[in-house]
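Q: Listed below are the residues making up each chain.
Protein chains: 2
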Amino acid sequence: MPLKIALVQTDSLIGNVAANFNRIVETITNIRNSLVIDLIIFPELTLTGYPPEDLLFRRDFIRDANNAIFQLANIAPEIGIVVGFPELSGDKLYNSAVILSEGCVLATYRKQKLPNYGVFDEMRYFSAGTQPCVFEFKGQFIGLTICEDVWHADIVQATKDAGADILLTLNASPFHSGKAQQRETLIGSHAKAAHLPIVYVNAVGGQDELVFDGASFVTNADGEIVFRAAEFTEQISVVEFENGQLIPTTCEPIYAPISSDYKALVRGIRNYVQKNGFKGAILGLSGGIDSALVLALAVDALGAENVEAVSLPSKYTQAMSNDDAQKQAKIMGVKYHCIPIEPAVNAFTDMLADTFAGTSHDTTEENIQARCRGVVLMAMSNKQGKLLLTTGNKSEMSVGYATLYGDMAGGFAPLKDVPKLLVYDLARYRNELSPVIPERVLTRPPSAELAPNQCDSDSLPAYEILDPILARYIEQDQSADEIIAAGFSPDAVTRAIRLVDGSEYKRRQSATGIRISERAFGRDRRYPITSGYRGT
Amino acid sequence: MPLKIALVQTDSLIGNVAANFNRIVETITNIRNSLVIDLIIFPELTLTGYPPEDLLFRRDFIRDANNAIFQLANIAPEIGIVVGFPELSGDKLYNSAVILSEGCVLATYRKQKLPNYGVFDEMRYFSAGTQPCVFEFKGQFIGLTICEDVWHADIVQATKDAGADILLTLNASPFHSGKAQQRETLIGSHAKAAHLPIVYVNAVGGQDELVFDGASFVTNADGEIVFRAAEFTEQISVVEFENGQLIPTTCEPIYAPISSDYKALVRGIRNYVQKNGFKGAILGLSGGIDSALVLALAVDALGAENVEAVSLPSKYTQAMSNDDAQKQAKIMGVKYHCIPIEPAVNAFTDMLADTFAGTSHDTTEENIQARCRGVVLMAMSNKQGKLLLTTGNKSEMSVGYATLYGDMAGGFAPLKDVPKLLVYDLARYRNELSPVIPERVLTRPPSAELAPNQCDSDSLPAYEILDPILARYIEQDQSADEIIAAGFSPDAVTRAIRLVDGSEYKRRQSATGIRISERAFGRDRRYPITSGYRGT
Chain G
1 MPLKIALVQT DSLIGNVAAN FNRIVETITN IRNSLVIDLI IFPELTLTGY
51 PPEDLLFRRD FIRDANNAIF QLANIAPEIG IVVGFPELSG DKLYNSAVIL
101 SEGCVLATYR KQKLPNYGVF DEMRYFSAGT QPCVFEFKGQ FIGLTICEDV
151 WHADIVQATK DAGADILLTL NASPFHSGKA QQRETLIGSH AKAAHLPIVY
201 VNAVGGQDEL VFDGASFVTN ADGEIVFRAA EFTEQISVVE FENGQLIPTT
251 CEPIYAPISS DYKALVRGIR NYVQKNGFKG AILGLSGGID SALVLALAVD
301 ALGAENVEAV SLPSKYTQAM SNDDAQKQAK IMGVKYHCIP IEPAVNAFTD
351 MLADTFAGTS HDTTEENIQA RCRGVVLMAM SNKQGKLLLT TGNKSEMSVG
401 YATLYGDMAG GFAPLKDVPK LLVYDLARYR NELSPVIPER VLTRPPSAEL
451 APNQCDSDSL PAYEILDPIL ARYIEQDQSA DEIIAAGFSP DAVTRAIRLV
501 DGSEYKRRQS ATGIRISERA FGRDRRYPIT SGYRGT
Chain X
1001 MPLKIALVQT DSLIGNVAAN FNRIVETITN IRNSLVIDLI IFPELTLTGY
1051 PPEDLLFRRD FIRDANNAIF QLANIAPEIG IVVGFPELSG DKLYNSAVIL
1101 SEGCVLATYR KQKLPNYGVF DEMRYFSAGT QPCVFEFKGQ FIGLTICEDV
1151 WHADIVQATK DAGADILLTL NASPFHSGKA QQRETLIGSH AKAAHLPIVY
1201 VNAVGGQDEL VFDGASFVTN ADGEIVFRAA EFTEQISVVE FENGQLIPTT
1251 CEPIYAPISS DYKALVRGIR NYVQKNGFKG AILGLSGGID SALVLALAVD
1301 ALGAENVEAV SLPSKYTQAM SNDDAQKQAK IMGVKYHCIP IEPAVNAFTD
1351 MLADTFAGTS HDTTEENIQA RCRGVVLMAM SNKQGKLLLT TGNKSEMSVG
1401 YATLYGDMAG GFAPLKDVPK LLVYDLARYR NELSPVIPER VLTRPPSAEL
1451 APNQCDSDSL PAYEILDPIL ARYIEQDQSA DEIIAAGFSP DAVTRAIRLV
1501 DGSEYKRRQS ATGIRISERA FGRDRRYPIT SGYRGT
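Sequence lines, in order, name chains G and X.
Numbered per our numbering, the first sequence finishes at 536, counting up by one with no gaps.
Numbered per our numbering, the second sequence finishes at 1536, counting up by one with no gaps.
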């Protein structure tokens, strides 16, 4: 007998059980009204969203999520509904999935492998399950697992050994560059080893620093990808099994990495703005590459009518910066302001003249400029209820080449995990779709324009050298000796590492940004501020 | 045969294995030069400091810590040295303690209970040990455990069952109000249940949001505290056992709670400033109670010569605020500046006049004032290399009654975990030691002075009502219904909870502060910013 399965790539709202419950019911109702379906599968922790973090300690929240399961059981008794929820049993909490059928809980599975690395803290909240789960449904034996489980061959094999013909896995697997390919390869290999088809349903949507990419898929018992859903979009996909084989169906092509990165950033911005109820976004547009890319991303995420760009020139700002900023704002059709900052800079300079008498000019004066911009942008954000986007990139966040409460002021940092060289790649990629960033912005040397004729390369190694050093030090935990042995100059390595080590205090107060690497700043990299560790 | 044990309450520098190694060697050398000692015990993870966080993923760091153990073994072969370190074994890392004797590792213990709640993330890094550890030393059978272990009666009992006559436990147990009493009571009860004396050695010192209080102690086999060390200070204590009984010795009295809280804040400020290499501290002194207390704490931590206070009056600042600020600065002997902010406020008002034309006055204008103060204070901080202390308290942090990049600007937040009512208690306590805060500061109604005749009570429930609501909601995870059932007005509860739920984005960019409660903002309370959870 064939088995028709709907894979629901959904974007749950963290913490709002009632809203998520309503979405689930609506989805089920829509599906049954238009299709004949046997099974509907939702992602991990569907009812709460993922990750709910310390909301999981709230008794009212857990109670609501558990009660919702019983209400769901009667929505569509003729269909098998698979949803994820935090299951309270005695005083223990499990990351669980249930299959609901004919008004009852047919089976419950408790996640066995609780990730507690990277951005994950599941051992903070959950007890681990110890048993595979296989249930009989319409004559087929179906196994259930949750996310991290299927990254472990032994769990897949144990579920097969318990009698499964097909394995369903509910996921909230966050994106990073190349993650979809990594998933397909690894989980495909486990499917092949156990000779067990796997149906992989992933969440979608932005949640603070995480973006879930969807990209659900089905692998057959030979580990081949026989179905692939769209990435970064909510989607209901229907697949049909006959005798444990997937009936051939249309399938998305393999995702292109640069396009996935771009989509992740767009989705992350859109969801942050929408889910937090902002009336749009604003940003400081400097004429440099970072803010140019952020403007393009913001417009792609929110629409031009919801984005405002503000130039904030000082006496160090070159005319071409203003020209290019204005030009891009015009191309993209966003509201554009130009507010020179000299009056505020002069006011502070006068106010501090006595206190600073006899001292020499240093980064203090550069910071004052950046902070005057921060005050103006935050005032515009506050007045209109629009989110201020910061424009700094990962290279700058790494070495602290940014001003706290200045250019770092803002609620969300789209490029926080995008190194400078990737900023250029993404800008060129965006311009290939349609030219929105003036060419000169892509070719002129990067500058903070906080002092006369300033260039980033005055203070930092060239980004072609800096970015790979940072990736090795930050993402791969290599020591200075290892990086130097790989061919980088000791001077550049020492300088870069010293700057990274000394900038943790800035990062700790930085806006949340979208994770697209295997190690982003934020929950993913937990370093002490006070630290005697010296990488060099 | 008597056994002389030195309990070393030491303040390791996170991340600097070489510096910690040198401190350990120096301590051992000093002890052996002046005393006849059998055993010297250092706290948990002595060689790395606690918590090293993601430094534990760095291979060079782990290698250095493991190599140091072998070097330590030969420092004083005639003495037993017990130290904590992250032990690498194969590809597993353990939170371990070794006893070094006669140039060898006599025994190694691997922590069995890995805390992964509250501020702790040990399962992120460590594998758990599975065995008790008892070794024979000078004719006595001595058990070893580490911190969380002795909070579990079964581990104490298992160590006794393995033959221990005395249990040594190495700790890095962070302070919160009443923690020392809690430790003594619980661990005393486990000692009594297993009829096993416990020697408890704790770390001391501030590490970002944590303060370790020392307060080492010895409980006899009846669970009675027979020795108690000083709190919040590095100390070497010597105790002597004869036939498993402690020879009576002088002992610190039970610590007074308000005094412990005050000392925790002083120690936290001092260590943050010193360990991060600041040349002192500055703060904005408003004439209100919060900044008055922070000034007192800073002077007690750093000395008057290292602290500067800055008044930043606006047109809304009352004369008594300036008078009281100046008065306290004079009493405490700190450098005092007065920098009116009107010129900067006027500059921004003019710069934004066109953009804001037709809009009405709202919190935007209040925020501009607060941010002008932030710019001035940060400029003074940057110019001199002095740490800017923020002065906001926990009640304000809870409800978001603070301006991002304004009064929230700064590197360290001493009162971040101190609710408003406790701010008053601590101020009164400090004035009892010597009167430093003008009486009027303690008695006038709290005001942010950002609008004419503004009072906190215009926007917030009275602190006598607000603070207990916040404690129930934030620290005890009570729901609105539960708090209302406890007798609080639905209006006050609803308002407070809505403000807490909506302020996570501010807290996420706030300065690190000192944890003195059982749940502080920071690593201790991990909430999503984007959240549909509504406590009401």
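Do not rely on the hints blindly, as some may be mistaken.
To be verified - To be clear about the criterion: a stretch of chain G counts as covered by chain X if any three or more of its residues have a C-beta under 8 Å from a C-beta of chain X, and this derived list gives those stretches:
#1 37-45
#2 102-110
#3 333-342
#4 357-370
What the hints assert, rightly or not - Cross-link-like lysine-lysine pairs, in silico, DSS-like; alpha carbons within 25 Å at most:
#5 Lys1383/X x Lys315/G
#6 Lys1506/X x Lys383/G
#7 Lys113/G x Lys138/G
#8 Lys330/G x Lys263/G
#9 Lys335/G x Lys315/G
#10 Lys506/G x Lys1113/X
#11 Lys113/G x Lys1330/X
#12 Lys113/G x Lys1315/X
#13 Lys383/G x Lys1279/X
#14 Lys506/G x Lys1279/X
#15 Lys1004/X x Lys1113/X
#16 Lys1179/X x Lys1263/X
#17 Lys1263/X x Lys279/G
#18 Lys1279/X x Lys1335/X
#19 Lys1113/X x Lys92/G
#20 Lys506/G x Lys1506/X
#21 Lys263/G x Lys335/G
#22 Lys1330/X x Lys1279/X
#23 Lys1335/X x Lys1263/X
In short, the hints are calculated from the structure, not lab data.
All C-beta atoms in this analysis are idealised placements derived from N, C-alpha and C, irrespective of residue type, glycine included.
Q: Confirm or reject each hint.
A: How the hints compare with the structure:
Remark: the stretch 37-45 of chain G is not confirmed as covered by chain X, as 0 of its residues place a Cβ nearer than 8 Å to a Cβ of that chain, below the required three. With 0 residues having a beta carbon nearer than 8 Å to a beta carbon of chain X, the stretch 102-110 of chain G misses the requirement of three or more and the stated coverage is violated. Three residues within the 8 Å Cβ limit are the bar, and the stretch 333-342 of chain G against chain X gives 4, so the coverage statement holds. With 6 residues bearing a CB less than 8 Å from a CB of chain X, the stretch 357-370 of chain G meets the requirement of three and the coverage assertion stands.
Simply put, Lys1383/X and Lys315/G have alpha-carbon atoms about 22 Å apart, close enough for the 25 Å limit, and the pair holds. Our distance criterion of 25 Å between C-alpha atoms is met by Lys1506/X and Lys383/G, whose separation comes to about 17 Å. For the suggested pair Lys113/G and Lys138/G, the alpha carbons sit about 28 Å apart, so the restraint of at most 25 Å is broken. Straight-line distance between C-alpha atoms of Lys330/G and Lys263/G comes to about 23 Å, which keeps the hinted pair within the 25 Å bound.
In summary, the hint linking Lys335/G to Lys315/G is supported, as the alpha carbons are separated by about 24 Å, within the 25 Å threshold. Restraint check for Lys506/G and Lys1113/X: not satisfied, since their Cα atoms lie roughly 34 Å apart, outside the 25 Å limit. Under the criterion of a C-alpha separation no larger than 25 Å, the hint pairing Lys113/G with Lys1330/X is inconsistent with the structure, at around 61 Å. Under the criterion of a C-alpha separation no larger than 25 Å, the hint pairing Lys113/G with Lys1315/X is inconsistent with the structure, at around 60 Å.
Annotation: proposed proximity of Lys383/G to Lys1279/X is violated, straight-line Cα distance about 38 Å (limit 25 Å). Between Lys506/G and Lys1279/X the alpha-carbon distance is near 18 Å, which keeps this suggested pair within the 25 Å criterion. At most 25 Å may separate the alpha-carbon atoms for a hinted pair to count; Lys1004/X and Lys1113/X exceed this at roughly 28 Å. For the given pair, Lys1179/X sits about 14 Å from Lys1263/X by alpha-carbon distance, which is consistent with the 25 Å threshold.
This hinted pair does not check out: Lys1263/X and Lys279/G have alpha carbons roughly 46 Å apart, beyond 25 Å. Taken as a hint, the Lys1279/X and Lys1335/X pair is honoured in the structure, with Cα atoms around 14 Å apart against an allowance of 25 Å. Between Lys1113/X and Lys92/G, the direct Cα distance comes to roughly 18 Å. Compliance with the 25 Å bound is thereby established for this hinted pair. Among the hinted pairs, Lys506/G with Lys1506/X is consistent with the structure: their alpha-carbon atoms are about 15 Å apart, no more than 25 Å.
Using a Cα cut-off of 25 Å, the hinted pair Lys263/G and Lys335/G holds, with the two alpha carbons roughly 24 Å apart. Straight-line distance between C-alpha atoms of Lys1330/X and Lys1279/X comes to about 21 Å, which keeps the hinted pair within the 25 Å bound. Pair hint Lys1335/X plus Lys1263/X holds up; C-alpha atoms about 24 Å apart against a cutoff of 25 Å.
Hints 1, 2, 7, 10, 11, 12, 13, 15 and 17 from the earlier list are contradicted by this structure; the remaining hints agree with it.
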